[in-house]
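Those protein sequences? They're chains A and B, same order as listed.
Residue numbers for the first sequence follow this note's numbering, so the first one is 1 and each next one is one higher.
Residue numbers for the second sequence follow this note's numbering, so the first one is 1 and each next one is one higher.
If you are wondering where the hints come from, they were derived from the structure by calculation, not from laboratory data.
Built from N, CA and C at the ideal position, the CB exists for glycine as well.
Hints may be right or wrong, so weigh each one.
Here are the simulated DSS-like pairs of lysine-lysine, each with C-alpha atoms no more than 25 angstroms apart in a straight line [unchecked claim]:
{"no.": "1", "chain 1": "A", "residue 1": "65", "chain 2": "B", "residue 2": "284"}
{"no.": "2", "chain 1": "B", "residue 1": "354", "chain 2": "B", "residue 2": "342"}
{"no.": "3", "chain 1": "A", "residue 1": "170", "chain 2": "B", "residue 2": "284"}
{"no.": "4", "chain 1": "B", "residue 1": "284", "chain 2": "B", "residue 2": "373"}
{"no.": "5", "chain 1": "A", "residue 1": "88", "chain 2": "B", "residue 2": "432"}
{"no.": "6", "chain 1": "B", "residue 1": "373", "chain 2": "A", "residue 2": "43"}
Just a few of them, taken from the derived set where beta-carbon distance is under 10 angstroms, the chain B residues facing chain A [stated by the list, open to error]:
{"no.": "7", "residue": "51"}
{"no.": "8", "residue": "145"}
{"no.": "9", "residue": "361"}
{"no.": "10", "residue": "471"}
Residues of chain B placed beyond 10 angstroms of chain A at every Cβ, according to the derived structure [to be verified]:
{"no.": "11", "residue": "147"}
{"no.": "12", "residue": "151"}
{"no.": "13", "residue": "166"}
{"no.": "14", "residue": "209"}
{"no.": "15", "residue": "362"}
{"no.": "16", "residue": "376"}
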Amino acid sequence: MEGGSLYAYALRRVLISLPLLLFSSMIVYALVHFAGDPLRDLKGRNPPVPEAVLDARRSALGLDKSLPEQYWNWLTGIVSGDFGPSIKGIDIGQDLQVRLGVTLRMVVLAMLIAVVVAMLVGVLSAVKQYSPIDYTATLLGFLALSMPVFWLAALLKEFLAIRLNQAVGKTIVYTVGDRTPNLEGSFFDKLPNIAGHLVLPTIALAAVSYAAWSRYQRSSMLDVLNSDFIRLARAKGLSKRRVLVRHALRCALIPITTVVALDVGAILGGAVITERVFAWHGMGEMLLTSVNDQDVNRLLAWLMVSAVIVVLFNLIADLLYAFLDPRIRYA
Amino acid sequence: MSARHTLGRMLPLVLALSLGAAACGGSSAGTAAPGDGEPVKAKVGGSITYAADQEPTGFNQLTSKDSGTSVVNVMQGVLPAVFKTHPDFTVQLDEAFMDSAELTKDDPQTITYKIKAAAKWSDGVDISAKDFEYLWKASNGTNKKFDIASTTGYEDIASVTGSDADKTVTVVFKTKYADWKSLFGALLPAHYMTKLPGGLEAGFNTGLDKGFPLSGGPFKIGTYKPTDSLTLVRNDAYFGPKANLDSVVFRFLPESTTQPDALKNGEVQLIYPQPQLDLVAAVKAIPGVKSQTSFGLSFEHIDFNFKTPGLDDPAVRKAIAMGLDVDSMLKRTVAQFDDSVKPLGNRIYVNNQKEYADNAGPYGKADVAAATKLLDDAGYAKGADGIYAKGGKKLSFRFSTTAGNALRETQGELFKVQMKAIGIDIKIDNSKAPILFGERLPKGNYDIADFAWVATPFATSNKSIYSTDAGQNYGKYSNPDVDKMFVDANLILDDGKRAEAFNAIDKKLWDDMVTVPLYQKPTFIAFSDKYVNIADNASSEGPFWNVGTWGLK
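Please take these sequences and the hints and turn them into a complete structure.
Here you go:
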């Protein structure tokens, strides 16, 4: 693949995504607008909130303007990096920054573990098809796939945190949050605490992703192993290891690359249930709370960031395609 | 008083230990709550982590933006208040802060407040009449630029004057305000507030969005990490008894199902979730944890829409109330985790208020014969399907409550069965809380609704529910006599006579069958038994009303 055509392709993909982002923001803005009155909470209070206060709040939030006007103000603001006012008075930019960091911390390790284990197990299952290893891997995969995250979380909390901590006589694995509040000391002092908070959500998130990915990897590897060029490679007398690693695995990685890239993009927008059950204040929680509060600017900030991440990871998936399969060219 | 969705999150508390209404569980029973007695002696030092279900939206609880529970809980130990509502719902002077606050003249109503000489903000400036004056001016509604949560009471004040080096405050009312003890419940330092950037109004409205460096209470705000936690630290400059604990950490855990495990694992030491059967059972099984179920000011009720054809007939409303079996409804719902809950026979006062009188009479006792007789006498006739009708119009109504709230959904199903027994057809038509409270109730888009009201000890707040065209009179009930009775009751400054007047209003509301109160909602607090003096309190004060006395054994 030539560098020039790659850049042109990437640029074209980014440009195509812009109207998509614009359109989706319009739809979401309108949906939230018609979902109800964002000031309903204030209006239901007793003693009643003075009408002048409601008017002022309406004006400050731009709710006294028409829907197109409100949307236009948001759109022009976002271009200059202003996410607009939040109904709950939250600094949306800062909120996004913090939450994205939290979600990243939770997701990166889990995804790494899931990818490595899924690839190993998937390949092994394919190579040893219908062996006890394959059956065991299949059973574990479907078990993880069918187990709801909240249930897995409950089991992990009870057996891998509470009982373990009781057995060792101190808290080494935690059930909520990404660190103990007011944690002090050097990075290495904090590390056990941070790692102790990471254990359960990482396992929960990795288990779910691993389950799906290992099945993809197995299936894809089986397809490749049964293809003509692998038979040819074997017929030419190449070693088993060389056939597997240099020829089969490289091709079998193409479908899983797409799936992983798309999944990671979506998860970075918030592993909603995992964040919720382990009380991590990430992007998933931002989505839930902004919908609940009808905080349209905060919801749109989430949408924009999540959409950009998804577009970016789709692009990465496409580019990795070319890297893994030299036959692919971008025109 | 407010619908459950707003102040519902306040989870009002009752320290019912002294009244015998509380049920304590956990590893040991009920020694933790000091109630209105003397606090137990505690060690000085240590910290407690509270699982807060919401993050504060700012730090000025007087603004409409920040008047929610999340802010009130944090500022309870930070801002001085003239009166505090105690767990038994009595309103008592904060004697650490005030020498006295008394009605010194009936006409014009005049209150004289005497502030303790030692009372100072943490920066050394006296807490004075200037702070009272600042609060009044911000809250009286004349300057529309203040984002004030409520003008109630402050709008009736004519003047606030300082004397004796501003340690005596004389407040003169232009209109009598019987619940004057509800005023000046969270004073702000005028000397600090008026110098905030952006000017007087902006300083008040948004100046405390990021924090509040001063304190007039046992604690001050230490660190605040948005989305993660907020820490209160001891205010060593506090003029009253010093706090026992070094710090109180509010850890933001919005998902209540995470709280029992966090408590069990020692990651938090205090939780205050909405009680649910499985959650209460899980917490009670944790060793080393004390728990307490209480019944507060929040109460569940059946609300009638007077604009619905059929329900505009008092005979129909009374028949419904007659046929209702409140006791059975309790046994199948809330009594399952605390059987001390009782039917509520008053919509102004709750069971454990001293002013309470059971005015329910024959209603809520499943008297099917009396209910059907009422309908027969009113000219309704039972059809072949067993449903009463008049003029070809069947008695068929929608029952609406918050979808997803298992307890209320069960109440709806029970209500439906009970009404069928008296020949009234009920169709369940529930909505999610935001829709029910934000749209359907205010727009009158319901026939019969089941939700909670959250009262304060100040009965005049009921005016906005039962007066003609009042903001929370969702059912559009109107009786000029009741309107006048509310106005008159608010002018009675004698507590005993005022209670009589409000009970007379409640009887009138029963006569008109405006609503059917069902029961007080339970609240649930649980904490590590290493701590003392933590107690449930049902008023808007919340669980932090006595945070200064909390400590380790």
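Legend entry - Index of numbered hints that the structure contradicts, given in increasing order: 1, 4, 6, 9, 11, 12, 14
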